[in-house]
Amino acid sequence: MTRIATAPNDRGTTAGNAVEVRGIVKHYGSTKALDGVDLTVREGTVLGVLGPNGAGKTTLVRVLSTLIKPDAGTAFVGGYDVLRQPKQLRRTIGLTGQYASVDELLSGYENLYLIGRLLDLSSRDAKARAAELLERFSLTEAAKRPAKTYSGGMRRRLDLAASMIGRPRVLYLDEPTTGLDPRTRNEVWDEVQRMVAEGSTVLLTTQYMEEAEQLADELTVIDRGRVIANGGVAELKAKVGGQTLQVRAAHPAELPEMARCLHDRGITSATVSTDTGLLAVPITDDEQLTTVIGVLGNRGFAIVGIDTKVPSLDEVFLAITGKPADTADAAPSLAKEPVA
Amino acid sequence: MTTATIAPARVEDTRIGLAGTFRHVGALTRRNLMRIKADPESMFDAVLMPIIFTVLFVYVFGGAVSGNQDAYKQYMIPGLLGQTGLTLAMAVGTGLNSDFQTGVMDRFRTLPIGRASVLLSKMAAETCRALLSFVILIGFALCIGFEVKTGPLEVVAAVGLSLVFGMSVVWVSMLLGMALRSAQAVQGVAMLVLMPLQFGSSIFAPTNTMPGWLQTFTKVNPLSALADASRSLLNGEGPLAHPVMVVLVWSAACTAIFAPLAVARFRKRT
Chain A
1 MTRIATAPND RGTTAGNAVE VRGIVKHYGS TKALDGVDLT VREGTVLGVL GPNGAGKTTL
61 VRVLSTLIKP DAGTAFVGGY DVLRQPKQLR RTIGLTGQYA SVDELLSGYE NLYLIGRLLD
121 LSSRDAKARA AELLERFSLT EAAKRPAKTY SGGMRRRLDL AASMIGRPRV LYLDEPTTGL
181 DPRTRNEVWD EVQRMVAEGS TVLLTTQYME EAEQLADELT VIDRGRVIAN GGVAELKAKV
241 GGQTLQVRAA HPAELPEMAR CLHDRGITSA TVSTDTGLLA VPITDDEQLT TVIGVLGNRG
301 FAIVGIDTKV PSLDEVFLAI TGKPADTADA APSLAKEPVA
Chain B
1 MTTATIAPAR VEDTRIGLAG TFRHVGALTR RNLMRIKADP ESMFDAVLMP IIFTVLFVYV
61 FGGAVSGNQD AYKQYMIPGL LGQTGLTLAM AVGTGLNSDF QTGVMDRFRT LPIGRASVLL
121 SKMAAETCRA LLSFVILIGF ALCIGFEVKT GPLEVVAAVG LSLVFGMSVV WVSMLLGMAL
181 RSAQAVQGVA MLVLMPLQFG SSIFAPTNTM PGWLQTFTKV NPLSALADAS RSLLNGEGPL
241 AHPVMVVLVW SAACTAIFAP LAVARFRKRT
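If you read the protein sequences in the order shown, they are chains A and B. Here our numbering is used: position 51 in the first sequence is 51, and no number is missing along the way. Here our numbering is used: position 54 in the second sequence is 54, and no number is missing along the way.
Read the hints as simulated data drawn from the structure, not as lab findings. Honestly, I wouldn't trust all of these hints.
[To be verified] Pulled a few chain A residues facing chain B out of the computed Cβ check, cut under 8 Å:
no.: 1; residue: Ser65
no.: 2; residue: Thr66
no.: 3; residue: Asp103
no.: 4; residue: Ile115
no.: 5; residue: Arg117
no.: 6; residue: Ala143
no.: 7; residue: Ser151
no.: 8; residue: Met154
no.: 9; residue: Leu289
no.: 10; residue: Ile293
no.: 11; residue: Gly294
[To be verified] Covered, in the sense of this in silico footprint (three residues per stretch, anywhere, with C-beta under 8 Å from a C-beta of chain A), are these stretches of chain B:
no.: 12; stretch: 73 to 85
no.: 13; stretch: 92 to 98
no.: 14; stretch: 220 to 230
From a predicted model like this one, the values you see are computed outputs, not experimental measurements. Cβ coordinates follow ideal geometry from the N, Cα and C atoms, glycine included.
Work out the full structure: start from the sequences and follow the hints.
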């Protein structure tokens, strides 16, 4: 099958950047949805755009998909200018929106066939491509059913399949798992990881640090239309702190003893909260996790629950903007110094 | 700033061309028709409305208006063609509005297709819907004793004239569909437009008993001209050339004004 998108000649000369955004501004009245955003997505990588509701993530995706025009700034996707070359740009991209944009009345197959035809595939190629993608996204059995009978996860998968019909060089995933239950979310993550493994360049927007960590190579954190941080995921994680292991003890009285045992084995960062019955250990690598579990298990402590916690978006923001964390960092058991 | 280092992409021919447009309109029309197949209830208005109107008016008002029901059938049924075409045309905007609401339109607009294709395909699907209801209307009318006093050619001409008028109104409906926020609002405004037009015309009753101001309205109402033209075509009596002209001029004017507005509005939402 031939590639539908015609790649521009200068693929190499964009220094391997699939998406380049410089100083994009979009105002709605007095609301600055985007207030001078710069970002770059390197060819074949996943950029996570992390930000809370209303940060401007969706506006950004809409600008980059030619759905709205920016008030200022430049944006190139696959070497094409969003303002001056919208038609070529549209052949380069695939979009999966926050709200699955498939036709609910049509079957999964018909949805994909329609898009194939609109992308100028021949009838035969459109049929073959639809069947291929249904198979790949495990929708073959449901192919003939109207999309409105699909579960939330199936619908997202169909939406992903729809955005891939034209073998786009750049995929936009706008909050692909918002509103999904954890199991379905994992299904979508698996699919995205597969696409990336096959070489797609992805711009992913999300509200969840966990999702960004799972899928993205690099992160751009935006807030109120501005970029407040960017860099590699590991880099940002180092700044923000990684996972925390939380161990719930059967007997809270044993908690100090547990912490002391860990301390003896070189794990000094454990904190104890007798109120909640939790032992919290910041984890920097998998080995540490094994050590902690091993030590506690060997010593015969009664444990009723183990959980790992990824920093929330709030915590990420606090770490980046440098505002002091109000409660999380305060050690509750220590006596506060009197205010002079 | 690395933007300056980006060499401009090779300039390609981005015109879609006639063949491409046909393919896109074809694919989208197929989609619109499949939606009807998937949701047959959406055809209730197209299928049942002509039958209900025929039954209600012929048997409830027929005797009172024309003295006997047979005479009223010959009078009212040709006019119903135009009324049906207009009602269906006004429903197009509702469908367009809901496409915008559901995000399907966003998907279409990120595809490399001509902007007019989406609107033209709505038009094409609407023509199919209207043709079906015309067939049902005429078929049912014949069953209850309506007589075509002329020939099949005149029937085709009457249907064609109603279609042409309906198509010109579709642009108004699309514009409403894009200008108003919700599908319900579109439906509400469509009703407001439809009611005075259909009843303030010569479709259901001769206009000579109406007060002067209303007669003035019925005279400029294109539905009156459409009803008179269909009547003349199917019954073989009464003036023909003048009402046909009036309908064609109205349709041309309506299209000339509202088609560019609708397309511009559609582009602007990009």
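Hint by hint, here is what the structure shows:
1. Ser65: holds, 5 Å
2. Thr66: holds, 7 Å
3. Asp103: Holds: closest Cβ of chain B sits about 5 Å from aspartate 103 of chain A, inside 8 Å.
4. Ile115: Holds, about 7 Å.
5. Arg117: holds, 4 Å
6. Ala143: violated, 14 Å
7. Ser151: Where the cut-off is 8 Å and the nearest Cβ of chain B is about 18 Å from serine 151 of chain A, the hint is violated.
8. Met154: It is violated, given that the least Cβ distance between methionine 154 of chain A and chain B is near 17 Å, above 8 Å.
9. Leu289: violated, 40 Å
10. Ile293: Hint violated; isoleucine 293 of chain A Cβ to chain B Cβ min 45 Å, cut 8 Å.
11. Gly294: Glycine 294 of chain A check fails; min Cβ-Cβ to chain B is 49 Å, beyond 8 Å.
12. 73 to 85: violated (count 0)
13. 92 to 98: violated (count 0)
14. 220 to 230: Since 0 is below three, the answer is violated.
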